[in-house]
Structure formats: C-alpha cells, structure tokens
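Novice: Chains as they are written, first to last, in the UniProt record's numbering: chain H, 1 to 397; chain C, 1 to 397.
Since the hints were made in silico from the structure, they are not lab data.
Every residue gets a Cβ at the ideal spot worked out from N, C-alpha and C, and that includes glycine.
Treat the hints with care, since some could be wrong.
Stated by the list, open to error - A short, non-exhaustive set of chain H residues, derived as facing chain C with CB atoms under 7 Å:
1. Pro11
2. Asn280
3. Asn284
4. Val306
There are 2 protein chains.
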Amino acid sequence: MAKLQAGYLFPEIARRRAAHMLKYPDANVIRLGIGDTTEPIPEFITSAMAKRAHELSTLEGYSGYGAEQGEKQLRAKIASTYYGGLGIEENDIFVSDGAKCDISRLQLLFGSNVTMAVQDPSYPAYVDSSVIMGQTGQFQTDVEKYGNIEYMRCTPENGFFPDLSKVSRTDVIFFCSPNNPTGSAATREQLTRLVQFAKKNGSIIVYDSAYGMYMTDDNPRSIFEIPGAKEVALETSSFSKYAGFTGVRLGWTVIPKELLFSDGFPVAKDFSRIVCTAFNGASNIAQAGGLACLTPEGLKAMREVVGFYQENTQIIVDTFKSLGFNVYGGTNAPYVWVHFPGQSSWDVFSEILEKTHIVTTPGSGFGPGGEGFIRVSAFGHRDDVLEAAKRFKQLYK
Amino acid sequence: MAKLQAGYLFPEIARRRAAHMLKYPDANVIRLGIGDTTEPIPEFITSAMAKRAHELSTLEGYSGYGAEQGEKQLRAKIASTYYGGLGIEENDIFVSDGAKCDISRLQLLFGSNVTMAVQDPSYPAYVDSSVIMGQTGQFQTDVEKYGNIEYMRCTPENGFFPDLSKVSRTDVIFFCSPNNPTGSAATREQLTRLVQFAKKNGSIIVYDSAYGMYMTDDNPRSIFEIPGAKEVALETSSFSKYAGFTGVRLGWTVIPKELLFSDGFPVAKDFSRIVCTAFNGASNIAQAGGLACLTPEGLKAMREVVGFYQENTQIIVDTFKSLGFNVYGGTNAPYVWVHFPGQSSWDVFSEILEKTHIVTTPGSGFGPGGEGFIRVSAFGHRDDVLEAAKRFKQLYK
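Work out the full structure: start from the sequences and follow the hints.
Specialist: Shown next as structure tokens:
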C-alpha cells in the first residue's frame, strides 16, 4: 500500500474540483473529467429494474443469493448478443458489479508473483491494483514508473499501438481497446499481432472492451474476433457506458474454456472459485436491468445513449481541431486526447480549471506516456458540452 | 489457488443438492443449508428501490458513479442507527455490496504477509480468502488445517469462546458474533477480554456482526460497545439477513478513525484507497433500499423479518431437543448447531439428505472444530420448516 502514489486518480480530481468550487462558489463548473455518464437511463430499462424490485416483495418473485457467476439467462444473453458466432457460451460469462471490480478480482486470481504489462497511458486501475497485490517494485520517480511493470508506450508516432518487438515478456498483458484514455482503437491486424505475441510468450491478455459499442470503424469490438484469441485472452466489459449504469453497477468478464494456465488448468475454473469466495453476485435488480438492455428495445435504447455521447465527442473534437490542436481519439471512444506538447498535464489541467471552470483529466494520471496530454470526456449534458466548447474557444483563441 | 481444498463450501453443497434432485426428481427437497433468506422483502423497502430505479430515468433523479465509500446519507444513517452513542461517525462507515465482498477487500488491504486467527469453526470465507491472498501454508490433511492460521477452537466445553491463553499472537483476528455456524454469541465480558488480548498483541480484530439483529440476550451487538475497541477493531455487517437483501447486495464496514496500523497510519485511509481502486460503490438502487431500511417504518419491517426467522429457529431447536440431541445456538442467531458426537459431519449431512430430502450444512465445512456437528439454518418458509421438523422426528424417533 505504501508504494501507491498519491490518491487514485479520479478521487484526486474530485478533490481538486471540490477545492475549486470552494474557491469559486458561484462558478458553473463543467465536468468533463471522470468518465461519468450523465444522461437518464432509458425508461424501458429502469422499468424492468423497478418491476424486479417490486417482485422481490412477492413469494413467487423473491430471490436471495443468486449464482456468484450471474443469472443463467443474463449470461446466455450476453454471450449471444456480444459474442454471437464467436464460440463464447453462457458458462464462459461471469456477470459482475463492474469492470473495475472484476479487474481487482482478476488480480486476486493472478496473485502477487506475476509480471504484467500495460499500455502507457492506460486506465489507472490496472497498475494500482497490481501495486496493491504486491506484483510491482517501488515507484521510480525519475521515470514515473513502478518497477516490475512493463509499460507499453502508445503515442501518436506508433498510432497508439505498442511496438511489440520492444516489449518484454510478462505473464499478464492488460490491453484496453477502444482505449481509455487515448480513445484509439486497435485494428484487426494489430490485435492479431498482439494475440500472436501473447501466444508466443505464454501470456494471458486481459482485454478491456468497456467502450466496444462506441466503435464506429470496422475494428474488432471483442478480442475474440481474432482467431486463436480464446487460448490467450479473457475479456472484461460493462453496461456502465452503454446504458448509463455507472451507478447501477453491472458488468461482465468472459473467460473462454479454452484459456488454460501453463499447467493445463482452466483459468475459468479458478476464477469461478475466486468469485465464489470474494463476491456474491451482482444485485439481482441490476441483473434485471441488464436483461432488459439486451432485448431488441433495450439494445435500441443503448444505441441511442451511445449515439448521444458520440455527438458530444464530435463537438469536442471539432472544437480543439478548430483551435489548431492535435487531437486524437473521439472516433471510436467517448474520449478526446488533446496534445499540449512540452507542457505538464497537471499544469494544463489546472489552467483549464482555473480559467474556464472545466474539469478535464491530466494525461499523466494514466502513466508517463500521457504526459503532455489531457483527456476530455464526452460524458455530459449537451448544453454543458456546448458551453465548454465556447469556453475552450475563448481560452485558446 | 492450488492450496484450496475442494470447492467453496456452499457451492459444493449446491452441487450435492443438485445431484440429489437429479436422483430423486419428485422429492420435495427442503433447503436449510446455505443461510439464504426466503421471505419477501417488505414492500416499504422494495418500493423505495423501485422509486429510485424510476428516478434514474429522469434528469433530476439520475446519478452515475457515487462515492466508492457509499452515499453520505446512508453512511450517516448506518452510524446513527447501529452505532448511536458509540462515537462512530459517518466517515467511519464504508457501504459495500455485502460482508463477504468486504472481507475479501480487507484481505487485499492486509496483504499476503500477515498472520491471522479464526474461530474454529467459522464462516469459510475468512480462511479461503486468506489462502487466496497467500497468507497461509499448505493444507495439512492430518489436522484438516492450513499452515500459518491460528485456529481458535470453540466448543461446547468452552462455551464457544476460545481460551485466549492458548491462542498465539497474530496480526489479524477474525471474530464473528453471533457466530456463524455455532449460533453462539460472545458476552460483554468475553469481548472485553478479546479486545484486551488484541490490544496487548497489537492485533486488528475483524468483527463480523452480520447477525447482530438476531441477538435476544443482552450481549453486545457491536464490538464498539466494548471500551477501547475502536483502537483495535473494525466491524463488518450487512442488510442480507435483516431485510432479505441476499440478492440485492448491500452491507457495510466500520473502520473507526482511532484504528491505526503500527506505524500510526489510519487503517480507514488505506481501506478508502482499496475501495477506490477495487470497487465502485454499491448499486445506487440497493443504497436507496438501505436508506428505507433505516427509517422507523423500515426498522419495524426488518424486525418483523428477523422475528419470523427467530420463530423458525425456535421450531428447529425444539425439534432437536425433543429428540434428545445436544443443541447449541438458536437463541441469538438464525443457526442451530446440532451435535452428532463421534460421527462425520458429511456422513450425517448425506444421511439426512438421502433419507429426508433436507439440505443442512456439515459442520466440518466450517473448520475441523465443526466435525461432529451439523448446522441447520432457520431461513425457510414456515411450512417447509414445519415439514422439516416432522421429517427429522421421523428419522430420529
């Protein structure tokens, strides 16, 4: 624990925002920092949750402990909806209370004696959970990295896909695509190379596809679209950014039966043991919501939610492009990655907050490779996003 | 992982039940095994959850990520309801998706280099999570114990309270009262000794009070009723057995600001970092249910739920007593601990299942000290409990 640097990124940003609001109590602060959904959940979905809640007061509708792995019907529906034709089955799906929580349970599965690689920059929960598990060495302030972690640098120069010829072998590779924070998505060809790399090295890929539905290009939405991936990868995902479930809490992890440890033992079997010991299943009410999400009507509603945030993304991209910035991401993810070459991310973050009352996220919070960037999230009300665009234009005109 | 013995106890029982039902497809199987609530949740509480679900479809009522530590109002309400006058405050409360999940997050906090003690017998998640974290040695089949764990034997002879003079010092002491599985509750005097023991040894007590509302005697419902406990103990609890929330998922952990690691660092600060990294808060809908539970009307409804199961408990206690068994527990907990001296718990479990179609829990599943006992859970519909009583009377007449 003592190795951890400062606070987890997002609570740290929340603290700074709170301090700012104390300093400027009348300011209209706009939050494009934490990727927190802002739009109401479609009624079709909340009605299903309300119905399940009411049913819990009836003898027939009451349910107590469910399977730790999730309700059978929901597992089957996730498999057929998101992995149709890919050979992923109901039993490969583990329903959870969210991808972040599952990442931590996966770390528990891997234990403290593994080595891991992450994209640099990447979602901080991978590294932080690794530090907490004791997998890493000390934080090295000169390079802003933890010892024993392989940082796979992702920059505009390499198209945000790491040069695998320079990546050392590790036991586990965390890989997020569409990526948080850069908003970039790996192509079929790139992911094929990643799968081959993992196969050659006997590594397990933890593929985070929480933004898959934001993909507009023809890139894979799941790692399992890549031949051979089932033998080297598991995948984690979530309803958070599709249905506005950040507060409801529902996600899933796919562990194909083909994925084995080096001794031949199925990874899914051990993970099942982990969830039985360290978890008690997602809320039955949230699971009812998940089932509603995966009906034709729910899927349509989710696509509308995603579409709304995609429009926001475009507004932000256009704004920064019009101001002459180099802008990345945005096409396949609700995140816009703006370059401020030579500047400190936290300085840029602070200047934007101070002068425009807009909360963004400093790129360096995602790893040393994020230095000089800020991430602008597209999760916000339309009026706020338009107002933010106006303020950015005033600041950088 | 490889050290773990067989399956986690309760999924193992579920498997055996399923096999039994396959063998006797027409049998009316009664489940008094897993302590899973069966009675509908009072409408007052589910209505509050349904209302919150509907509100998530409105601009004003929508909420995304909440504080990982739980909603302010719920934290305050838990503090004032269950810890009124004990000096526990809102910030000491961490709302969670259940006690089992929190136990695992606590293990993550403690890390792999700690020693721990458990009551023997005790709820298996303590030991299993410890094994997964790598805190223990190998399982020693001769004594049915893991190396590096201090098993504090609790038997009828010592009133189910360990002889602390024979207990070695450990970093962490898991202690559950009212106890699962023995149903016994520690007295004020016993807990005072436990607190003094922990203070002397510089140990942290993880006190599990998930059955506190089942207490009928004048024993403490919280460890914080014991003077000095705030410097040596944290406490975990849950709405599961009070409101039938086993499927809804809502619990909490109390970490007093007075509880410090040996270097003076507040335990709560590190746990806050753990929940921020490994958790994303309990479902907002479940939290709305928790708030409803803690209104006067909700408290009354919970007391009725608890009262119903207490009546079940009495039926089970009376049944086994009338059959001449030595019966423990039941007064302060929804579990009845029945002695079958000289017999194997799993044999008794199997005989009962085979001959009466009743699922119980073999005592040895809770540790070697549980050998020769079975746990009968009082969670069941009244008709089922009465029918079970009849079958037990036929079997053992």
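Novice: Please go over all the hints and tell whether each is borne out by the structure.
Specialist: We went through each hint and held it up to the structure:
1. Hint status for Pro11(H): holds, given a least beta-carbon distance of 5 Å to chain C, under 7 Å.
2. Nearest Cβ of chain C to the Cβ of Asn280(H): about 5 Å, under the 7 Å cut. The hint holds.
3. Interface restraint check for Asn284(H): the shortest CB-CB distance to chain C comes to about 4 Å, inside 7 Å, so the restraint holds.
4. Hint status for Val306(H) relative to chain C: violated, with the closest Cβ pair at about 15 Å, above 7 Å.
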